[in-house]
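When you get a sec, could you build the whole thing from the sequences and use the hints?
One-letter residues, chain by chain:
Protein chains: 2
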Amino acid sequence: MYKELLKIVKIGGNVINNEEALFSFLKDFSKLEGPKILVHGGGKKATEVSSAMGLQPKMISGRRVTDNATIEVVTMVYAGLLNKKITAQLQKNGCNAMGLSGADANCILAHKRIVKDIDYGFAGDVDAINDTIINILLQNNVTPVFCAITHDKKGQLLNTNADTIASEVSIGMSNLYNTELNFVFELKGVLESIEDKNSVIQQINSEKYNQLIKEGIIADGMIPKLYNCFKALEQGVSKVKIGDASLVKSKNKIYTTLSL
Amino acid sequence: MYKELLKIVKIGGNVINNEEALFSFLKDFSKLEGPKILVHGGGKKATEVSSAMGLQPKMISGRRVTDNATIEVVTMVYAGLLNKKITAQLQKNGCNAMGLSGADANCILAHKRIVKDIDYGFAGDVDAINDTIINILLQNNVTPVFCAITHDKKGQLLNTNADTIASEVSIGMSNLYNTELNFVFELKGVLESIEDKNSVIQQINSEKYNQLIKEGIIADGMIPKLYNCFKALEQGVSKVKIGDASLVKSKNKIYTTLSL
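So the protein sequences, as listed, match chains A and B.
Position 240 of the first sequence, counted from 1, bears residue number 241 in our numbering, the numbering being contiguous throughout.
Position 47 of the second sequence, counted from 1, bears residue number 48 in our numbering, the numbering being contiguous throughout.
Keep in mind that the hints were calculated from the coordinates and are not lab data.
A hint or two may mislead.
Identical copies carry no separate label here, and so any pair may be met within one copy or between two of them.
DSS-like, lysine-lysine: derived pairs with alpha carbons at most 25 Å apart [as the list claims (entries may be wrong)]:
(1) Lys93 to Lys155
(2) Lys113 to Lys28
(3) Lys4 to Lys250
(4) Lys154 to Lys250
(5) Lys198 to Lys252
(6) Lys93 to Lys154
(7) Lys154 to Lys32
(8) Lys155 to Lys250
(9) Lys4 to Lys59
(10) Lys45 to Lys226
(11) Lys254 to Lys32
Computed from a predicted model, the values in this text were never measured in an experiment.
In structure tokens form, the structure reads like this:
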């Protein structure tokens, strides 16, 4: 069955924290043809607002815990300020963006992370994507812009990892679309050598992926990132690309493409 | 031509500031049958966040001016915290709510208020309602929940009066629907005597309205409120109701109905 191409692009702190870089990226994103979805992370603004309000970040075993004050701040910053600033900027550039959280039209249903050793507070793990309403928006030329806030349909908002949202939305839309997931981060792609920013490995399939892990070339933070990418590919996503903000520029040819 | 009934309900600070009252109202609102839209104002949270962040409200001639720091705070609080809290609560109650600002899918286009004597900063006056996309949402059983933030399609978010948003959305949807606008405020309706909270005038038409102004019964803050209601009626809204939070309860019979 022929399926239309849907691009899901995720941006994080490195693009969001610099307004000039963000607006430039959004201009490029607006020019992408066909149905598309943007997912954005948080950035430093939430920390700034928390500090200004005199809140102390609560950490357990080195990991941030989302207490009640924190879920309020991240909802304000992610779903309010950043989401609407991005949406208004896309509208300016002719992209019919609609900023959404997971609570809106129940687009992304999650549950509060189960407490094993550590109670992460109001952290959400995704259960379901509402592909019906997302598809209605796409078919009406609307570009959904998701922040990393979800809900549990019991009235609780939940702080959720933006990479996970991007993966889950991509997987969830794969029944209806030929999905391509783009992760924009600080590097040009997965590198052969961390010392050489231009040593981009352009193609990685499952076999190459296992080989790179064995060789220690994929290490540290890249391990979970690529693990999630391959999980997405195994669950129906057609292609994953990783690169810097120029990933969405049509002329850009340097990035990493992951496939099974 | 037969048009389906669409109810637009506006709630303000008096309902929003008390979480118990808000959640109780949202439960009643969820039970309203047929297509509906909720519009919410701000409440005291924006002032709390501003103070916590050390911002001083900027006033000129006794009126609040929306400077850059203020538009950031109201976007966080109105479009972020309040809008998503309300949406999550409606979802809990089985109402398929979608929280939106005017920037989202360009639902409400506005312009920065023209500077005559006073520059109100980033205050928006509404130019157009996108009835097409709002109708698509309604036809798909989605209940739009608008906060009082709009945009100018040039990338600028604008702080807009929530009563005005409710009126303009009602007027804008009147081509497609038989619209009923409900204003929820602190009283049971327009009162014969401000001393007697139960002296609700149940019906006011244009003639009665002019008579009540002459008699001084409609005075102070009620003058612009009712002026806007009659303006909405003249521009296609079928009916306007004013009352307290029980306005949306099916068994409630005490409120003021305005008609031409």
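Is it within a copy, between copies, both, or neither that the alpha carbon of lysine 113 lies no farther than 25 Å from that of lysine 28? Only across copies: lysine 113 and lysine 28 sit 23 Å apart there, 35 Å inside one copy, limit 25 Å.
At most 25 Å between alpha carbons: which applies to lysine 93 and lysine 154, within, between, both or neither? Classified as between; 5 Å across copies, 33 Å inside a copy.
Within, between, both or neither: how does the pair lysine 254, lysine 32 come out at a Cα-Cα threshold of 25 Å? Classified as within: same-chain Cα gap 17 Å, cross-chain 54 Å, threshold 25 Å.
Copy assignment of lysine 154 with lysine 250, given that the CA separation must stay at most 25 Å: Classified as between: cross-chain Cα gap 23 Å, same-chain 38 Å, threshold 25 Å.
Have a look at lysine 4 and lysine 250 and pick one of within, between, both or neither, based on CA distance no larger than 25 Å. within (23 Å within a copy, 46 Å between copies)
Under a CA distance limit of 25 Å, which applies to lysine 155 and lysine 250: within one copy, between copies, both, or neither? Answer is between: at 22 Å across copies they meet the 25 Å cutoff, but 41 Å inside does not.
Lysine 154 and lysine 32: within-copy, between-copy, both or neither at 25 Å Cα: Between copies only: 16 Å across, 35 Å inside.
25 Å Cα threshold - placement of lysine 226 relative to lysine 45: within (21 Å within a copy, 41 Å between copies)
Between copies, within a copy, both or neither: which fits lysine 93 and lysine 155 at Cα up to 25 Å? Between. Shortest inter-copy distance 5 Å satisfies the 25 Å Cα cut-off; intra-copy 36 Å does not.
Should lysine 4 paired with lysine 59 be assigned to within, between, both, or neither, using CA atoms and 25 Å as the limit? The answer is neither: 45 Å in one copy and 54 Å across copies each exceed 25 Å.
From the Cα coordinates, with 25 Å as the cut-off, is the pair lysine 198 and lysine 252 best called within, between, both, or neither? For lysine 198 and lysine 252, the Cα distance is within 25 Å only inside one copy (19 Å; across copies 68 Å).
In summary, the structure is inconsistent with hint 9 from the numbered list given earlier, while agreeing with all the others.
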